Amino acid sequence: MRWIKSIGNRLRSVFYRNAAERELDQELKFHVERQISANLAAGMSAEEARRAALLEFGGVEQCKEECREARGIERFESLLADLRYGFRTLRKSPGFTFLSVMTLALGIGANTAIFSMVNALLLHPYNFRSLDTLVRVWEDRGIDEGFDARYITPGDAEDLRLTEGFFESMTTYGFQSFGMGTEGDVQPVLGCKVSVNFFDVLGVGPAAGRLFAPGEEHPGSDQVAIVSHGLWQRRFGGDAQLLGKSLSLNGRAYTIVGIMPKDFDYPVPAELWVPLALTPAEKADRSQLSLSALARLKAGVSVSQAAAALVNFSGRLEQEYPKTNAGRKTTVLQLRKELYMFTLPLFSLLQVAASFVLLLASANLANLVFARMIGRQREIAMRAALGASRGRLAQLFLSETMLFSILAGILAMAISFGSVRALRTSIPVGWTKWVPGWDGIRVDGNVLAFTVLVAAAVGIFLGWVTMLHTSRVEPNKTLKETGAGMVTPAKRRVRSALVVAQVIFALVLLVCAGLTIQGFVRLASVYQGFEPASVLRVEISLPEKAYADKVKIQNFYQQLLRGAAAMPGVQVASLVTNPPASNVDNQTTYFTIEGQAAVEANEVPSADLQIASPGFFDALKISFLAGREFSDADGPDSARVVLISSGMANRFWPRGDAPGHRIRLGAQDSQEAWLTIVGIVGDVRQNWWNPLTRPVIYEPFAQSPQRSMTVLLRTSSEPTSYVPGLREVSRPIDAGVTLRGINTLEEEIADSIAIVRIMGILMGIFGMVALALSSIGVYGVLSESVAQRTHEIGIRLALGANPRDLMNLVLGQALKLTGIGLAIALPISMAIARAMASLIFGVVSMDFAILGAFTTLLLLVALLAGYLPARRAMRVDPMISLRYE
Amino acid sequence: MSKPTDLVQGTLDLLILKTIALEPMHGWAIAQRIRQVSKEVLQVNQGALYPALHRLEQQGWIAAEWGESENNRRAKYYALTKSGKKYLQSEQANWERLSAAIGLVLKTA
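Chains as they are written, first to last, in our numbering: chain D, 26 to 910; chain A, 376 to 484.
Bear in mind the hints are in silico, worked out from the structure with no lab data behind them.
Since this is a predicted model, take the numbers as computed values, not measurements.
A couple of the hints might just be wrong.
As the list claims (entries may be wrong) - Each computed EDC-like pair below joins lysine to aspartate or glutamate, with the alpha-carbon atoms no more than 20 angstroms apart:
(1) LYS54/D <-> GLU471/A
(2) LYS458/D <-> ASP288/D
(3) LYS308/D <-> GLU363/D
(4) LYS354/D <-> GLU183/D
(5) LYS414/A <-> GLU81/D
(6) LYS89/D <-> GLU440/A
(7) LYS308/D <-> GLU241/D
(8) LYS460/A <-> GLU440/A
(9) LYS348/D <-> ASP288/D
(10) LYS348/D <-> GLU619/D
(11) LYS323/D <-> GLU189/D
(12) LYS54/D <-> GLU440/A
(13) LYS308/D <-> ASP264/D
(14) LYS460/A <-> GLU398/A
(15) LYS54/D <-> GLU443/A
To be verified - Which bits of chain D does chain A cover? Going by a derived footprint, with three or more residues having C-beta under 8 angstroms, they are:
(16) 82 to 89
(17) 891 to 897
We put the CB at the ideal spot given by N, CA and C, even for glycine.
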């Protein structure tokens, strides 16, 4: 209670200053009057009584001041006064204020913007109940299955779910693309088949309607669907009566039973959920890694404990089912960490870079503030001489620098709203829809709190630098000096240290920026094995109901290709299931080689499966290496054939005799037809993260028709100008078919690596800012030190010193400072470059040319920064410089 | 009396607290009372009295209230708070222990 009252007193003292003052005044006045009347009563005359009373009391003002201090008014009041004073000082030098506040705002703003991404993507990626107890579970075959391949067989998943002891609950799911809608208006939508307990395991409820009920996982009673908020808004116009309505998915009628909340999109980018209905045979399957699984750890069970328990589990399955489960290890990874593997390196790099920019800006500003402090030395000495304590001075300068950072923080916040939105929308949806939490990137309470913290930290840092300066003020000496005040060696060392720090940050930032930009340029040319120029891509998804049999599908696409090829300017018209740069992995398949000895379950080879029309390889100009290409003769009734990629040929037929061999899709017990390898085509980089030499099997479209295909047209002029023509061709065949995903292949490639491009741009900006700030910093310090030596230089020149020697003296100092900075920065840059190379998907690699170029650049900047002030000093007439001071 | 005895800060606090323990008093009366009770030995300097009063109030040992003085003027009366009473007791005990100890040393040594 006491402290409440005490605070009340203080506040009263500050806000009702006049009232408190009046009371104090009255109290003391009463004392004097009471003494006077006492003196009168003792027989003194009126005059005498008054004089004696006042004399006895002593200094009234001094007493008042002590009373105020006893009440603790002092600190508050003086703080307000200091802030007012600081504000006036800032207003007096608007140029300095503007420059410093802008520099700081830039540094803080960069951090705010990047932090908003880190906040959304790393700290709050999902809105699930106790996110940290959710883990992904999958089976590892011990071979590289490509990016993001974490699957489990339905049989093993069921075993795991029924095993007591590991998880509180477990659920499985798998992506499925649907043609949504009825004839004439079928839209492709990416959905997810989920176990009925899927949402319960995540701990998420519907925004409207209900979740799936037990029993709905049985084939036949599974025709219920839950839609995402986005789909509800976009596709159904936010229809309030949506629940209970019927929805056609792949030609089957589903009832919409629920709508999910706005922020739910797991697993991204699913927009629709239906029950995962497996037949008993499918459920028992232990050979196909076909499902994804999520589990919630039991309370008190750590991830590593679960992982240890799973080793035993895998061992047991291996013994029980050696034919299917040999060599498969069940693995867990925290859901949150799964994300990190992808986004952490990108955004931590950006955050580190942004914080370097801020450090650089702070070092720069510290230097400016320091320079100003030297000019204010006499003021400080005067204040000290008048009795200001060190603490009091600290408060004065801290409030000044805090003003800077507060202004900069406010500015940064104001800008951040716009810049964060720009960042969020600068990357195409085609990429960001795969990043959980992307739409959550915004300036929220966390981001604002972060900004305030950063601004406060900068303010305190600057205040501390200032204090370094005041600590060595000797009033007696300073006040006696005539000039602007001398700079002691200690102070010069601090300023030099700041310059060295700036050089370090600048080089590190420049190297990072250079490497990122180089990485981007390299990525742009990473799509190898085909020629993307002049190719149009268009996706078509035929409705399941109207195109139930293969002949119909076949007919539609055959007519479409014939019509498209007949269009003037179209060189080749072709089909493929998954064109390069689609941001989607190819479908993978196990395959068995005819005549090869039986292999262990975990050694069954797998490959990407592509289905392509004969023109595909011509359309993309994929090289043709051996055997023959697909021809129109490879029809549904002729012998089944495949082409394979050269990577696959080299791996499985290293002697170069692949053509003629037969393979079949599926594991060893597969009943699929045998397919004869008739030729080898060049390797194609499918997506920028895929290795170039991934094995690919190409089946001819005529022998394995699919409803969803991508049409690729190689054209002789601007590809998009052929879109109306293609519509004209498609309409008479089936007016109900819509063309989607229309884009040129070149743009598709640019979009697919947009994130790296944005990173490159951001890093480039950071690097430029770093270069500019550090140049200013080096120049500022050198020009000042030269200015201070003008007198000395004048004497030397007058005594006949060689101007060149003097120039060398100044340049030597510049080189020394920069050299120290570079010597420290070089190993740091190399370490960071190495870390980047290993983290950012291998697109960045250590490059000594970049390191050398930026080192040289910084040295040149330093030389220039030293040369300019030195030349100015040389030109001054010795007589004038001697009179200087 | 030559020069009024300088009071150690803590001692002044103790004297003030003890003085107003009986009844609320204003500053002038406190000074008078201390002088009378100490038989003119302890002279309280006003320049020290009022800051001490304000400090004690700030610390919550005493509370101030405006009231009517004996000569019908508005005066600020200080009274001991509950926590002030406890504080006074412990300080007084401390003081007695200390002075007894000093007395012992002075007598015997």
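Against the structure, the hints:
1. LYS54/D <-> GLU471/A: violated (36 angstroms)
2. LYS458/D <-> ASP288/D: holds (13 angstroms)
3. LYS308/D <-> GLU363/D: Given that 20 angstroms is the threshold and the Cα spacing comes to 26 angstroms, the pair is violated.
4. LYS354/D <-> GLU183/D: Within the cut-off at roughly 16 angstroms; holds.
5. LYS414/A <-> GLU81/D: Measuring from Cα to Cα gives roughly 18 angstroms; hence the hint holds.
6. LYS89/D <-> GLU440/A: holds (19 angstroms)
7. LYS308/D <-> GLU241/D: Holds, because 15 angstroms separates the two Cα atoms, which is no more than 20 angstroms.
8. LYS460/A <-> GLU440/A: holds (17 angstroms)
9. LYS348/D <-> ASP288/D: violated (43 angstroms)
10. LYS348/D <-> GLU619/D: holds (19 angstroms)
11. LYS323/D <-> GLU189/D: holds (10 angstroms)
12. LYS54/D <-> GLU440/A: holds (16 angstroms)
13. LYS308/D <-> ASP264/D: violated (37 angstroms)
14. LYS460/A <-> GLU398/A: Holds, at about 12 angstroms.
15. LYS54/D <-> GLU443/A: holds (15 angstroms)
16. 82 to 89: holds (count 5)
17. 891 to 897: Violated, because only 0 residues of the stretch 891 to 897 of chain D bring their Cβ atoms closer than 8 angstroms to Cβ atoms of chain A.
The earlier numbered hints that this structure contradicts are 1, 3, 9, 13 and 17.
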